[in-house]
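Peer 1: Start from chain A and add chains B, C and D with the ligands according to the hints.
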Amino acid sequence: MSLHGVEKALYDLGVDRASKTAFREDPDTFLQRYRLAPDEHAMVASFDVASLIALGVNPMLTMGYWIQVAPDRSMRSYMARLRAPSEKGPA
Amino acid sequence: MSLHGVEKALYDLGVDRASKTAFREDPDTFLQRYRLAPDEHAMVASFDVASLIALGVNPMLTMGYWIQVAPDRSMRSYMARLRAPSEKGPA
Amino acid sequence: MAQIVAAYVMPHDPIMFTHPEAPAEDVRARVAAAYGEIARRIGALGATAAIVVGTDHYILFGPQCLPQMLIGVGDVEGPIEKLPGLPRGPIENHEPMAEAILAGGFADGFDWTVSRALTVDHSISIPYQLAIQPNSGVRTVPIYLACGVRPMIDKARAFALGASIGRAIAAMHSDDRVVIIGSGGISHWVGTAEMGTINPRFDGMVLDCVERNDAASLIGLSDALIEREAGNGALEIRTFLCAMGAVGRAKGEVIAYEPVPEWVTGLGFAELRAV
Amino acid sequence: MAQIVAAYVMPHDPIMFTHPEAPAEDVRARVAAAYGEIARRIGALGATAAIVVGTDHYILFGPQCLPQMLIGVGDVEGPIEKLPGLPRGPIENHEPMAEAILAGGFADGFDWTVSRALTVDHSISIPYQLAIQPNSGVRTVPIYLACGVRPMIDKARAFALGASIGRAIAAMHSDDRVVIIGSGGISHWVGTAEMGTINPRFDGMVLDCVERNDAASLIGLSDALIEREAGNGALEIRTFLCAMGAVGRAKGEVIAYEPVPEWVTGLGFAELRAV
Ligand SMILES: [Fe+3]
Ligand SMILES: [Fe+3]
Chain A
1 MSLHGVEKAL YDLGVDRASK TAFREDPDTF LQRYRLAPDE HAMVASFDVA SLIALGVNPM
61 LTMGYWIQVA PDRSMRSYMA RLRAPSEKGP A
Chain B
1 MSLHGVEKAL YDLGVDRASK TAFREDPDTF LQRYRLAPDE HAMVASFDVA SLIALGVNPM
61 LTMGYWIQVA PDRSMRSYMA RLRAPSEKGP A
Chain C
1 MAQIVAAYVM PHDPIMFTHP EAPAEDVRAR VAAAYGEIAR RIGALGATAA IVVGTDHYIL
61 FGPQCLPQML IGVGDVEGPI EKLPGLPRGP IENHEPMAEA ILAGGFADGF DWTVSRALTV
121 DHSISIPYQL AIQPNSGVRT VPIYLACGVR PMIDKARAFA LGASIGRAIA AMHSDDRVVI
181 IGSGGISHWV GTAEMGTINP RFDGMVLDCV ERNDAASLIG LSDALIEREA GNGALEIRTF
241 LCAMGAVGRA KGEVIAYEPV PEWVTGLGFA ELRAV
Chain D
1 MAQIVAAYVM PHDPIMFTHP EAPAEDVRAR VAAAYGEIAR RIGALGATAA IVVGTDHYIL
61 FGPQCLPQML IGVGDVEGPI EKLPGLPRGP IENHEPMAEA ILAGGFADGF DWTVSRALTV
121 DHSISIPYQL AIQPNSGVRT VPIYLACGVR PMIDKARAFA LGASIGRAIA AMHSDDRVVI
181 IGSGGISHWV GTAEMGTINP RFDGMVLDCV ERNDAASLIG LSDALIEREA GNGALEIRTF
241 LCAMGAVGRA KGEVIAYEPV PEWVTGLGFA ELRAV
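Chains as they are written, first to last, in the numbering used here: chain A, 1 to 91; chain B, 1 to 91; chain C, 1 to 275; chain D, 1 to 275.
Next comes chain A alone, as it looks inside the complex (with noise of 0.2 Å):
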């Protein structure tokens, strides 16, 4: 229901320490901190950043909370998460 509470999650992922360890450590919990829905909350945690673009979140701060949490950081697996159909439902 909240783009600026997802959006503000992705900045502070993107650009905070302490948020970044936080997240490392317990993705859930830390998400908790923000009012997001149910599926934004999947959103985030699963690295669907073609879902979040599609919600509207700025593609910079996908691309920022990627390159400093996801699993893989590359950009190259970056492009392939975003032009490959969600893990969690169609396209």
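Check each hint, because a few of them may be wrong.
BS3-like cross-link-like pairs, simulated, lysine-lysine; straight-line CA separation at most 25 Å [unchecked claim]:
{"hint": "1", "chain 1": "C", "residue 1": "Lys-82", "chain 2": "B", "residue 2": "Lys-20"}
{"hint": "2", "chain 1": "A", "residue 1": "Lys-20", "chain 2": "B", "residue 2": "Lys-20"}
{"hint": "3", "chain 1": "D", "residue 1": "Lys-82", "chain 2": "A", "residue 2": "Lys-20"}
Source of the hints: derived by calculation from the structure; they are not laboratory data.
Peer 2: Chains B, C and D with the ligands alone, transformed into the frame defined by chain A:
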């Protein structure tokens, strides 16, 4: 020389948890993150709020960092220090 | 059509919360009654939205980014400070109204800084919790003006910004009934050696200007004079000017004034009812 | 009297630093030569000050505070990012010039957000380190325009802001010779599925507008068209408009253009020499 550097240090000490912790552990090392002249460094480290305000620092910042990181954080001691001659020189 | 039905000015003194029992009991009762009376009036006016114009205190915005004017369009919560009796929580934003003010401001040549996820400080939370929240269903638009950190917003500009806000509301296709609150002042010294001084004469002059809806006289006060006579905290009367600019033609009434040394502030409350 | 002697536009592509050897050797050489040529011209013009107009990337300014236009007056350093070959360090600010631009802007009705302690990102640091720093003694004024995060600054407003900057410089009682750099673009998609696409036709059109000093045509481009044709990164041409507004009457010259898929950007370099 840099009022801006002093204000940045005091702002960080007023609002940023990691900065407060680092300052409490080792003020001199913490303050080296900022480009401060030796006398500015000394004013901040010794809580010489009167001299800081005379330098042009915003009094909301001197009060804020006092409340957050001074040895005696009370407003009473802040006011006493503000009105007393500097420990380092003439009033 | 949406309309601004009233403007209010009121203080946002955090020491009321850190040291609630410092002043004499009758003083405390009169201050509480003033907030309560404004809450009651906001309810009686059938307000659906409240714009709260707060002031920076070198807490929310640091030396890296000092905006002249900021509007919250999106998630709002607060206060950021831990103050007893002022719990932190979400504040429901009137997003369509905030967007309308923003777009109208850009069209009028105001370069609003925007917040999509704002944690407010006590300058918004105190008026919100004491005067707005008691009325259920009133959505809020938080605004910040640079009143405490140089460069402060020009006073005529603050008034003109209010007028832009008023035009944007008047152009909205909604039935909203809107109040706008100028939060701050009046005389108080913050963090300086004079802290604790109050200037009731200055405060009376300001409240008189509000009551007569005389923005020009307030705009004419130089910052040097304000700081000398009424302290750096009195520079916050910029928020009064913004509220006065927004409400336009109005009938004024001073609701209460209490000089409270224990709370280091001359606390002034007034209404401008749109006519 | 101070004067703006030239404006330049140039890109600020961080992938030049993270993957310096990705493109063919001759491409890399031509890009390096373009930056070097501008550095040489800035030296030959006897510049004493450089205004660098950068763009936000949702790094420096978060959702809590998104300014339309920001000027650094005070301590400046950067870049904030760790980029190989782009060391972090202080950037000497031309404070009197920054103060003059700020005061002139307020007088002209621009609500500058101010930074007293600014850590810049690569959009300032790349032009600074490649084109300004090679000339010793040139002091810098960093400026940010909202180009990447909504609400973006209106393009006509960016041009008008540049004109205000130009007037403020012309009114300075100093012998400063000033260059202004619009940092950004041209076609590139940032973080989207199209990333890696380049539109040389669009880029050529933009450079042609710069060369002809034709701001009106650039102002006339809608954001929807720019994003569709040249990507979200091309919205950064707002910085070009600001530089064009500042320099005023000028003779244009395209210095270089390289579409570099390995660096996901159409890299354009041009000069507007004041006449
Ligand atoms: Fe205040
Ligand atoms: Fe960019």
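Peer 1: Does each hint fit the structure? Answer for all of them.
Peer 2: Results of checking the hints against the structure:
no. : hint                : in the structure
1   : Lys-82/C / Lys-20/B : holds, 16 Å
2   : Lys-20/A / Lys-20/B : holds, 20 Å
3   : Lys-82/D / Lys-20/A : holds, 16 Å
In terms of the numbered hints stated before, the structure departs from none.
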